[in-house]
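Colleague: Each chain, letter by letter, is given below.
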Amino acid sequence: MISFVPTICTYCGTGCGILLIVKDGSVVGARPWPEHPINQDKLCIKGWNVDEFIYHEDRLKKPLVKEGDSFKEVSWEEALKLVAEKLGEAKDKSGPDSVAFLASARCTNEENYLLQKLSRAVIGTNNVDHCARL
Amino acid sequence: MKNYNKVIQDIVRSMLEAGLVEEVVAFGQDPASVDILPLFITEPQDAEKVVAISYYPCSLAKLVALYGDKDKKTGMVLRPCDARALVELAKRQQVNLENIYTVGIECYGVVKDRAGNNEIYVFPGDMEIDGESKPLDEDMLAPGCLRCEYPIPTMTDVSFRLEPKGEVSVTANTEKGKEILSAAKISSTEGSPTDISAIKERAARWQEQDFGELMKMEPGERLKYWLSQFDKCIKCYGCRNSCPICYCSDCYLEPGRMLIEGEEMPPEKLFHITRLMHVGDSCVNCGQCEAACPMGIPVSKLYHMLYKELSPLFDYEAGFDLDSLPPVSSIRDEDLLKTGVELD
Amino acid sequence: MAVEQKQDFEPRILGFLCNWCCYAGADLAGVSRFQYPPNMRVIRVMCSAKVDPTYIMKAFLSGVDGVFIGGCHIGDCHYIKGNYYTRRRIMMVKKVLEVIGIEPERLRLEWVSAAEGAIFAEVMKEFTQQIKELGPSPLRKELQGSKVAK
Numbered sequence: 001m002i003s004f005v006p007t008i009c010t011y012c013g014t015g016c017g018i019l020l021i022v023k024d025g026s027v028v029g030a031r032p033w034p035e036h037p038i039n040q041d042k043l044c045i046k047g048w049n050v051d052e053f054i055y056h057e058d059r060l061k062k063p064l065v066k067e068g069d070s071f072k073e074v075s076w077e078e079a080l081k082l083v084a085e086k087l088g089e090a091k092d093k094s095g096p097d098s099v100a101f102l103a104s105a106r107c108t109n110e111e112n113y114l115l116q117k118l119s120r121a122v123i124g125t126n127n128v129d130h131c132a133r134l
Numbered sequence: 001m002k003n004y005n006k007v008i009q010d011i012v013r014s015m016l017e018a019g020l021v022e023e024v025v026a027f028g029q030d031p032a033s034v035d036i037l038p039l040f041i042t043e044p045q046d047a048e049k050v051v052a053i054s055y056y057p058c059s060l061a062k063l064v065a066l067y068g069d070k071d072k073k074t075g076m077v078l079r080p081c082d083a084r085a086l087v088e089l090a091k092r093q094q095v096n097l098e099n100i101y102t103v104g105i106e107c108y109g110v111v112k113d114r115a116g117n118n119e120i121y122v123f124p125g126d127m128e129i130d131g132e133s134k135p136l137d138e139d140m141l142a143p144g145c146l147r148c149e150y151p152i153p154t155m156t157d158v159s160f161r162l163e164p165k166g167e168v169s170v171t172a173n174t175e176k177g178k179e180i181l182s183a184a185k186i187s188s189t190e191g192s193p194t195d196i197s198a199i200k201e202r203a204a205r206w207q208e209q210d211f212g213e214l215m216k217m218e219p220g221e222r223l224k225y226w227l228s229q230f231d232k233c234i235k236c237y238g239c240r241n242s243c244p245i246c247y248c249s250d251c252y253l254e255p256g257r258m259l260i261e262g263e264e265m266p267p268e269k270l271f272h273i274t275r276l277m278h279v280g281d282s283c284v285n286c287g288q289c290e291a292a293c294p295m296g297i298p299v300s301k302l303y304h305m306l307y308k309e310l311s312p313l314f315d316y317e318a319g320f321d322l323d324s325l326p327p328v329s330s331i332r333d334e335d336l337l338k339t340g341v342e343l344d
Numbered sequence: 001m002a003v004e005q006k007q008d009f010e011p012r013i014l015g016f017l018c019n020w021c022c023y024a025g026a027d028l029a030g031v032s033r034f035q036y037p038p039n040m041r042v043i044r045v046m047c048s049a050k051v052d053p054t055y056i057m058k059a060f061l062s063g064v065d066g067v068f069i070g071g072c073h074i075g076d077c078h079y080i081k082g083n084y085y086t087r088r089r090i091m092m093v094k095k096v097l098e099v100i101g102i103e104p105e106r107l108r109l110e111w112v113s114a115a116e117g118a119i120f121a122e123v124m125k126e127f128t129q130q131i132k133e134l135g136p137s138p139l140r141k142e143l144q145g146s147k148v149a150k
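Protein chains in written order, with this note's numbering: chain A, 1 to 134; chain B, 1 to 344; chain C, 1 to 150.
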């Protein structure tokens, strides 16, 4: 079963249209979305390889907490509790601008939206940036 | 408005219902959205999405070679350039033509983009845009199409011709074609083939204009022109990714092969000249490379020009005869009798 | 005036000589003291079919004025079929050079056997003179300080 799923590239701010080629439930390639007004059937090299990071072996699969020099695997509840605690602590002790959030071009656009909402509405800081800007 | 696509949809539906093929690869338009996208259809009811609109944004032969299953019986609805590309891929063992049932659409050119219109059909002398007949606007057509001299898909199993006002003419070219037509309960139309002299004349005129203009330049001037074109390249690899003849899974132009040293950028000039030398003897002038180039480099013109120079030299036509192998990588028996440094 | 200038320049020619026939032929020319111009730098390859068209293009993009490929005579290739492929390949590369805008006469293919020392020297004299007349490679200006025009 092969299907072509139209979506938007996650990398830079141009927002080119991509067709993800999905074969038997996994993404095997990317092509330009022919009639998307922004890119008109053309892509840059990052767009042509936007499917490369989806199944990359370097991706985290479980929450990890740093202990000394190494990382320990923990449960989601423990990890989220730790994060909420530490973020609240930093916000109370040194103010909201002492915290910065770094989003990622390898998350979906929707996940990046949620992160900046967390940063601006929950913590109250504008210190949010994205790896495509570096 | 009359459904111009009814017959082709019937053919696709019956190929699936009769079990001739397990899936059909064609360009389709979801009735809800406006976009034309490639589709791999497995359900007969989805056949109503297939269209024969004169817009062809990517090479279906390449998609089948990369993602298709060689053991699966597959149907394809193609234009002649893509059908020739399919034959070239078969010569390189990338597709199994025995398992592929092809329906070729007779083509007089496709548009670069639909510019907001929905149904555009290009005919030899005129165009029909959303039901309205207009004189043929050569500016709207893709540049490769203007130089194309093969409007009739003789190398497919079925040839399908759409005429103005939605009339249709269907011919079976092979035994598999007859199977397709009998499954669809359509009889082969007897009648004279299209008069393509106007198309051939247009092709000769545009080839003379595109190639003649370049060959008339002094070598130094031509070199300067091409080097300045190559300098625009942003190395997106779009031309290589879209070209149906480019099939190597271990491509020479990737890092780790000789062309790119270490972590450097690919070299603009050598990238294009190398690809030209690898692909040029079999270019089918599908124009997908030029359509994919974000910088507007006339890639298709260069490759087609080299192919037209090499074709008489090696007596080779790309995309017709499965037994005639690519000229630069195969030897013929006559070679053994010639002792010089040239093949004459 | 322009012709004199062209005659003054010393061409830089790169030669790919096949180990079994042409390289031995060049060796024989040397041993027999046949004089020929010293403008060619030789790279020994095991068969003329080893020469990738990209090597030839990289040579031109490095600013060499001429490329010479020497192989065994037809029917005498040490690896049986190599020189048939070389012949087809060089015909293709010559057309590529013509289409890109470099004079195809800057690329030369010759069959020279191991016994043909005199012929090798003659071919070298002829080719060097031909390159002298063609002048420096138009790609020399593209180098702009780097070793290979990118």
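Some hints could be false.
[To be verified] The calculated PhoX-like cross-link candidates involving lysine-lysine, where the alpha carbons are at most 25 Å apart (straight line), are:
id, chain 1, residue 1, chain 2, residue 2
1, A, K23, B, K49
2, C, K50, B, K91
3, B, K338, C, K81
4, C, K141, B, K232
5, C, K141, B, K224
6, A, K46, B, K235
7, C, K132, B, K232
8, C, K50, B, K224
9, A, K62, A, K93
[Stated by the list, open to error] Heads up, incomplete: computed chain C residues facing chain B, CB under 7 Å, no partners named:
id, residue
10, P53
11, M57
12, I74
13, R89
14, P138
15, R140
16, K150
[Stated by the list, open to error] Which stretches of chain C does chain B cover? Using the computed rule of at least three CB atoms under 8 Å from a CB of chain B, they are:
id, segment
17, 37 to 46
18, 81 to 87
19, 109 to 120
The hints are simulated quantities; they were obtained by calculation from the structure and are not laboratory data.
For every residue, glycine included, the Cβ atom is placed at its ideal position computed from N, Cα and C.
Colleague: Check the hint pairing K338 of chain B with K81 of chain C against an upper bound of 25 Å on the C-alpha distance.
Modeller: Distance of about 13 Å is within 25 Å: holds.
Colleague: Does K232 of chain B lie within 25 Å of K141 of chain C when you go C-alpha to C-alpha?
Modeller: holds, 18 Å
Colleague: Check, residue by residue, whether the segment 109 to 120 of chain C contains three or more positions whose beta-carbon lies closer than 8 Å to a beta-carbon of chain B, and give the verdict.
Modeller: Three-residue rule met by the segment 109 to 120 of chain C, so holds; n is 3.
Colleague: Report holds or violated for chain B covering the segment 81 to 87 of chain C, Cβ cut-off 8 Å, minimum 3 residues.
Modeller: holds (count 4)
Colleague: When you check the alpha-carbon spacing of K132 of chain C and K232 of chain B, does it fall within 25 Å?
Modeller: violated, 33 Å
Colleague: For the pair supplied as a hint, K46 of chain A and K235 of chain B, confirm whether the alpha-carbon distance does not exceed 25 Å.
Modeller: holds, 11 Å
Colleague: For the pair supplied as a hint, K23 of chain A and K49 of chain B, is the alpha-carbon distance within the 25 Å limit?
Modeller: Holds, because 20 Å separates the two Cα atoms, which is no more than 25 Å.
Colleague: The segment 37 to 46 of chain C covered by chain B? Criterion: 3 or more residues, Cβ-Cβ distance below 8 Å.
Modeller: violated (count 0)
Colleague: Has the given pair, K62 of chain A with K93 of chain A, been kept, meaning a C-alpha gap of at most 25 Å?
Modeller: Status violated; Cα separation ~30 Å.
Colleague: Once the shortest beta carbon distance from R89 of chain C to chain B is found, is it less than 7 Å?
Modeller: Where the cut-off is 7 Å and the nearest Cβ of chain B is about 6 Å from R89 of chain C, the hint holds.
Colleague: Does the closest beta carbon of chain B sit nearer than 7 Å to the beta carbon of K150 of chain C?
Modeller: Holds, about 4 Å.
Colleague: Report holds or violated for the interface hint on P53 of chain C, using the least CB-CB distance to chain B and a cut-off of 7 Å.
Modeller: Result: holds, 4 Å to nearest chain B Cβ.
The structure does not agree with the numbered hints 7, 8, 9, 15 and 17 stated previously, though it agrees with the rest.
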